[in-house]
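**Student:** Protein chains in written order, with our numbering: chain A, 1 to 384; chain B, 1 to 135.
For the record, the hints were derived by calculation from the structure and aren't laboratory data. Take these hints with a grain of salt, some might be off.
[Claimed, not checked] 27 angstroms max Cα-Cα, derived DSSO-like pairs, lysine-lysine:
(1) K23(B) x K25(A)
(2) K23(B) x K64(B)
(3) K22(A) x K176(A)
(4) K10(B) x K97(B)
(5) K97(B) x K176(A)
(6) K10(B) x K229(A)
(7) K25(A) x K73(B)
(8) K248(A) x K50(A)
(9) K25(A) x K58(B)
(10) K64(B) x K248(A)
(11) K10(B) x K117(B)
(12) K6(B) x K31(B)
All of these numbers come straight from a predicted model, not from anything done at the bench.
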Amino acid sequence: MVLGNISTNNRKAAVVGVANSKFGKAPGNDVYDLTLSAFHDALADCGLDKSAIDGIIIHRAPDYQRFCELAGMNPKLIATYPSQGRMSGVAIPLAATAIATGMAETIALVYGNVGRTAGQIYGGENDNYGSGGAGRWFPYGMTSPGAMHAMMFRRHMHQYGTTAEQLGEVAITFRKHASLNPGAVMRQPYDMDEYLGSRFICDPLRLLDYCLINDGAVVMIITSAERAKDLAKPPVHIRGYGEATAFKESTMPPDDYWFAQMETVGQQTHAMAGTTREDMNALMIYDNFTPTVLFSLEGFGYCPHGESGPWVQEGHLALGGRYPANTCGGHLSESYMQGWALNVEAVRQIRGECDQRQVPGAGLIQFLSAAPIVTSIIYGAEPQ
Amino acid sequence: MSDYAKPLPKIDALDAPYWEGAKAHELRILKCGNCGHCSADPTRRCMSCGAQALEWTKASGRGKVWSYGVFHKAYFPGFANDVPYNVAIVQLEEGPKLYSNIVAVPNEDIRVDMAVKVHFDDVTDDVTLVKFEPA
Numbered sequence: 001m002v003l004g005n006i007s008t009n010n011r012k013a014a015v016v017g018v019a020n021s022k023f024g025k026a027p028g029n030d031v032y033d034l035t036l037s038a039f040h041d042a043l044a045d046c047g048l049d050k051s052a053i054d055g056i057i058i059h060r061a062p063d064y065q066r067f068c069e070l071a072g073m074n075p076k077l078i079a080t081y082p083s084q085g086r087m088s089g090v091a092i093p094l095a096a097t098a099i100a101t102g103m104a105e106t107i108a109l110v111y112g113n114v115g116r117t118a119g120q121i122y123g124g125e126n127d128n129y130g131s132g133g134a135g136r137w138f139p140y141g142m143t144s145p146g147a148m149h150a151m152m153f154r155r156h157m158h159q160y161g162t163t164a165e166q167l168g169e170v171a172i173t174f175r176k177h178a179s180l181n182p183g184a185v186m187r188q189p190y191d192m193d194e195y196l197g198s199r200f201i202c203d204p205l206r207l208l209d210y211c212l213i214n215d216g217a218v219v220m221i222i223t224s225a226e227r228a229k230d231l232a233k234p235p236v237h238i239r240g241y242g243e244a245t246a247f248k249e250s251t252m253p254p255d256d257y258w259f260a261q262m263e264t265v266g267q268q269t270h271a272m273a274g275t276t277r278e279d280m281n282a283l284m285i286y287d288n289f290t291p292t293v294l295f296s297l298e299g300f301g302y303c304p305h306g307e308s309g310p311w312v313q314e315g316h317l318a319l320g321g322r323y324p325a326n327t328c329g330g331h332l333s334e335s336y337m338q339g340w341a342l343n344v345e346a347v348r349q350i351r352g353e354c355d356q357r358q359v360p361g362a363g364l365i366q367f368l369s370a371a372p373i374v375t376s377i378i379y380g381a382e383p384q
Numbered sequence: 001m002s003d004y005a006k007p008l009p010k011i012d013a014l015d016a017p018y019w020e021g022a023k024a025h026e027l028r029i030l031k032c033g034n035c036g037h038c039s040a041d042p043t044r045r046c047m048s049c050g051a052q053a054l055e056w057t058k059a060s061g062r063g064k065v066w067s068y069g070v071f072h073k074a075y076f077p078g079f080a081n082d083v084p085y086n087v088a089i090v091q092l093e094e095g096p097k098l099y100s101n102i103v104a105v106p107n108e109d110i111r112v113d114m115a116v117k118v119h120f121d122d123v124t125d126d127v128t129l130v131k132f133e134p135a
């Protein structure tokens, strides 16, 4: 894992500017309006002029050439990623690496998604999830990433005795957090009876186990820690990151819930950051579906394999708990910004900008993402 | 059979032998003549060793339910009258996994790890789907 060598590099990166559009159905006009609005807000957040941006990394929405034309800029570094949500955890480390090596000085990461306006449902004839091999199974009625996660969770229930109520604890906790976030799309809390009463989409998963589909844009501006010192907001340091993939036979769910990759990534990320799990003040966990949260907690070692169900019932993920998670409401309740809003929430928590949902003394936060690309990022108030 | 409303496989040269096998009520998988790796995913090279030595061979038809879900949402209009319907991942005893349906048993009685055997469902004159029933 060569990424680990970067921990010795003195050009570490920091997040200096963040912004998001309003979330919901067509809160702006088109995807360029949303992304450009967030881009200019993020520049204002850090007090930089767009001339300082020499790298653009784009995920999901806009064509890079048109975006840069509309933004009126000629960055030297360009990257663009395919639409899967797992790419937020890939793009941010790429930016940090580019800054560490001097490839770019200041990079804007631009995400935009108008899936709700587009009527995206992530299933049916247009489903091209994963490797593309899944189309072979349409004749059997198989489709959608949600169904794949339903089957993973069914197996987890069988192997470990995990229950619907334990899964519901995740969804209920994140909605409670969203109720404290004025920017969240879904803010009405619910209890276990309401969770269990929500309709099945693919049993064992219910409607409330699925992420939202919303329009919105998120922008992060990342620069060198040196450059970050004299900007408008205190820098939030990217202390460590790691990646591993699980592409082999990935038309099917992994037998181990991606545990092997998560163990590798967790060790690498903490080693680069100079931290341990116990140092973390909060977690931001990629929650496309509630079971992913359980798999992530087990794979990254926050609880033993198979024990996430009882563990979440002890309240560890709630505000006031040991590892408050997805304090913005996450994909289940704030908005499905494919990891980006969770990373921005980590930054805002460390800056102390989260009002009612603020985690007191949040100085170190870990982002976790379990998927065929497993990623993690550790953000810190202080440089290493 | 022309009123069959569910999605049908898009059969191409690569996986035609699989569907020809199904029509003949024979479950076929690809076996690598170099390393012995078995795959249900049609490719031209072995995904394990890279050799161009794949041959369609008859599988035993026996396997077990790796997991399953019960769809309550009809993503495909043709399945609207079937909800709730099951989709299972069946792991064949030769190793490969398949998405399929479990038939001849109520959804409530399907279990993870239950033993199953192949069941051929002639859904049109040209297409036979590979399903499974309790063994």
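**Student:** Verify the proposed pairing of K25(A) with K58(B), using a straight-line Cα cut of 27 angstroms.
**Tutor:** Roughly 51 angstroms separates the two Cα atoms, so the pair is violated.
**Student:** Check whether the Cα positions of K10(B) and K229(A) lie no farther apart than 27 angstroms.
**Tutor:** Violated, at roughly 58 angstroms.
**Student:** Holds or violated: K22(A) with K176(A), Cα cutoff 27 angstroms?
**Tutor:** holds, 20 angstroms
**Student:** Holds or violated: K64(B) with K248(A), Cα cutoff 27 angstroms?
**Tutor:** holds, 21 angstroms
**Student:** So if I understand the rule, the pair passes when the alpha-carbon distance is 27 angstroms or less; does K10(B) with K97(B) pass?
**Tutor:** With a Cα-Cα distance of about 19 angstroms, the restraint between K10(B) and K97(B) holds, given a limit of 27 angstroms.
**Student:** Starting from K6(B), check that the Cα of K31(B) is at most 27 angstroms away, please.
**Tutor:** Violated: K6(B) and K31(B) sit about 30 angstroms apart, past 27 angstroms.
**Student:** Checking one constraint from the list: CA of K23(B) to CA of K25(A), max 27 angstroms. Satisfied?
**Tutor:** Violated, at about 47 angstroms.
**Student:** Does K23(B) pair with K64(B) here, judged by a C-alpha cut-off of 27 angstroms?
**Tutor:** Between K23(B) and K64(B) the Cα gap is close to 22 angstroms, so the pair holds against 27 angstroms.
**Student:** Would the pair K25(A) and K73(B) pass a check requiring their Cα atoms to be no farther apart than 27 angstroms?
**Tutor:** Roughly 22 angstroms between the alpha carbons, so the hint for K25(A) and K73(B) holds.
**Student:** Check whether the Cα positions of K97(B) and K176(A) lie no farther apart than 27 angstroms.
**Tutor:** Given that 27 angstroms is the threshold and the Cα spacing comes to 39 angstroms, the pair is violated.
**Student:** Please work out if K248(A) and K50(A) have their alpha carbons no farther apart than 27 angstroms.
**Tutor:** violated, 41 angstroms
**Student:** Hey, K10(B) versus K117(B), does the alpha-carbon distance stay inside 27 angstroms?
**Tutor:** holds, 25 angstroms
Hints 1, 5, 6, 8, 9 and 12, counting from the list given before, are not met by this structure.
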